[in-house]
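**Student:** This is what each chain is made of:
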Amino acid sequence: MKRLLAALSVLAVVAIAAWTYDINYRTKNALREVDRLRAEIAMRHEEQQVLRVEWAYLNRPDRLKRLVEMNNDRLGLVPIGPERFGDVASVPFPPPPEVDPLEAALAAATAAGAFIPTPAKTSIDPAAAAAERLDGGVAFFPVRLAAGGPADAALALPAAVGPAANHGAAPDAEPALALASAEVEAPQTQESGNAAAQTDAVSGAVVAAVPMPPRRPEALR
Amino acid sequence: MTDIAATPQRRQASPKNRTGRATARPRDDWRLMLIVAVFMLCYGAVAVRMGAMAISEPEEPRLAGYGGAEPVRGEIVDRNGALIAANLPAWSLYAHPAELKDPLATAQELAGIFPDMSEAELVRLLTSRNDFVWVRRPITPRQKAAVQDLGRPGLFFGARDMRFYPAGQAAAHIVGGVRAQSEGVRHAELVGSGGIERYFDERLRDPARAGDALRLSIDLGAQQAMREVLSAEVSRLGAKGATGIIMNVRTGEIVTMVSLPDFDPNARPSAADGKGAANPRFNRAVQGVYELGSVFKVLTAAMALELGIVTPETMVETGSAVVIGRNAIRDMHRMPETLSVTDIVVRSSNTGTTRLALKIGAERMRGFLDRLGMFDPVPVEISEAARARPLKPPRWSEISTATISFGHGLSVSPLHLSAAFATLANGGQKVVPSLIRGGNQPGERIFSERTSREMMAILREVVSRGTGRRTNVEGYEVGGKTGTADKPRQDGRGYEKDKVIATFAAVFPTSAPAYVAVISLDEPVDRSGPRPIREASRTAVPATAEAIRRIAPLLGLRPKGGRVAAELKVAPVSVASN
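Protein sequence lines, in the order shown, are assigned to chains X and G. Note that the first sequence ends on residue 221 in the UniProt record's numbering; no numbers are left out. Note that the second sequence ends on residue 578 in the UniProt record's numbering; no numbers are left out.
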């Protein structure tokens, strides 16, 4: 009995020793890891500080001005002047929505429970999209519809900005959209009218290609 | 062995002891007690220590091990949070030559990392008998990593901060600069040596506040716009220098303060780069005290209105010269026999202003100017301001009253003038200029609201039909007053014939004053016409107009009425016609 106890004790001592040894090393490893992480955190903080300062340096006013001058032909930016302030009241209202007979018929059919197939795919012309992005991206999003239809028109709407592309929108959504767009380009005058005219010409067609909108009006420069 | 042998003995002996312990073996007892006490003490100490360790929070003594550059100097940002002054971590490399195992190989390797240091130089450094040598400072993070990769003993890095001004020249005069002081291994202490850096040195060095940036009232965008406008005007008019200030009339917050020529604060010129105004470090807006000329007529008129001596419509004689002792004060151009107070300011009549000043009297005039802070340095938060004391006549005679009424004989900085105009514009409460966002509360009342209103109307007249016509920026209701002052000669005898300080002090919009703009050009000449023109109306005024046109929209000031709205109303018509 005593021997068993002694043997068990010895075993226990060995086990505890092993466990302590293990814990000891694990602790040391953990501490080393903590040190490493601390150093890394400090390093990242430093990096962040360097990047922050560099960002501020790259955005210093005289460098931005130089860049704007260098890219003047593409950006056409001018210093903001007093004439840039717009007025909500002077934002032009969109033309009244025109009722497309085909659309009305489809809506009536849907209401009556008819099955309307899901819209065809829209394809975005990458070249046109790239060209638009250079333009500043504010103007229009060139969506070419493979097949026309009410659902397509609705799909194209959120991307198409400007009063010219508002055909087919739910009437109550229009003023809000027009407001948002017109705030971006308040002094838009002649061109937007032309665009609207073009759209009028094609909106009745079943296969409609939303026309490429005019570039930002010359008047802005 | 002895123990085992002794045990039976002791067992036998114990019954005997039971009776005579104290007498028989007193020494044994005493020893026993001592040993018990010693053990108790030892175990007690261990127990206390264990208890203390169990109770206390586990804490790592390693935190201090990282030698980061602490404390960091606080950052400076503009009113919108854009960085104006920041710290960049940098390192310096030093060595303990005694600890180097192989100095020659180390020197060779280091020479590879620092191409601009010769190996011989490094060998000399690393084999020196000193305990400590600076090898190189500062070094870039990449160089530091390369040195670390060498794994050579005896090389150490000291962390330190470098002050960097990302905004560049835009706010050079305002931030000032720093220099290194008490350079140690761990860090070099940076001490402000000019501008905001020096004025707020304590606050910026305070480790407890290193985290929150010092936010200035400056708007970097507006500052840059002002700098561009002034640079263009300086080169157009061949001026020696220029300064432009825009100040909020309610809080005294300085939105822009530009002084040209300026400098890059990352390569700050030293004091040896020129004396006085010739040094690019010279801040004309604060340090430059000038006789600013006719702009002072505004203050004289305001005093006369405030004291109830006149109303804007009171007619004052302007047809003849005012003779004071041996001096006669005349007008530059022929004036009508009498002019109203409004017209005295609009047509800038010296004789009319002098007659007003003589009615105000020297004592009251000094009182007003003193309360406006015209005799003391401006209490603005840059270190140079305290030393820029206005120059006033040593004895205030009657002729002093007369000439100071139209801006000669008293030299103040453009910032003094801005503060005085802001005081007049904000309803008459004293404005103390400030470079810190938030500014100062309006102080004591110097002019009544009524005087303020009347003066704003007069200043508007100057722009709508007087000398300031070219600053009539539509929609902003600019009001202001020109001042063209001959510069005093260097030798102190009289004035230069063809060197002027042209100043325009503007308030906009006059119906609800928001900002004061003061632009001053040093020796401008407009040579575009048949004869050179130096008057402020053709130099400082167009500059101010351009500055207001550029900066007012940046400050979010909407123009009122006029052309803008009319132009936009066209838009709906063109759409509807389709």
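Treat the hints as calculated values from the structure; they're not laboratory data. Just so you know, these numbers come straight off a predicted model, no measurement behind them. Idealized CB from N, CA, C, for every residue including glycine. Heads up, a few of these hints could be off.
Claimed, not checked - Within a straight-line C-alpha distance of at most 35 angstroms, the following computed DSBU-like cross-link-like pairs (lysine-lysine) qualify:
| no. | chain 1 | residue 1 | chain 2 | residue 2 |
| --- | --- | --- | --- | --- |
| 1 | G | Lys240 | G | Lys275 |
| 2 | G | Lys392 | G | Lys497 |
| 3 | G | Lys499 | G | Lys275 |
| 4 | G | Lys144 | G | Lys275 |
| 5 | G | Lys487 | G | Lys240 |
| 6 | X | Lys65 | G | Lys560 |
| 7 | G | Lys497 | G | Lys275 |
| 8 | G | Lys275 | G | Lys359 |
| 9 | G | Lys487 | G | Lys392 |
| 10 | G | Lys560 | G | Lys275 |
| 11 | X | Lys65 | G | Lys499 |
| 12 | G | Lys392 | G | Lys359 |
| 13 | X | Lys28 | G | Lys144 |
| 14 | G | Lys487 | G | Lys497 |
| 15 | X | Lys28 | G | Lys101 |
| 16 | G | Lys101 | X | Lys65 |
| 17 | G | Lys499 | G | Lys392 |
| 18 | G | Lys275 | X | Lys65 |
To be verified - Here are a few chain X residues that face chain G, going by a calculated C-beta distance under 10 angstroms:
| no. | residue |
| --- | --- |
| 19 | Glu47 |
| 20 | Trp55 |
| 21 | Tyr57 |
| 22 | Met70 |
| 23 | Asp73 |
| 24 | Gly76 |
| 25 | Leu77 |
| 26 | Arg84 |
**Student:** Taking each numbered hint in turn, which are not upheld by the structure, reported in ascending numerical order?
**Tutor:** Numbers 4, 8, 10, 16, 22, 23, 24, 25 - these are the hints that the structure violates, sorted from lowest upward.
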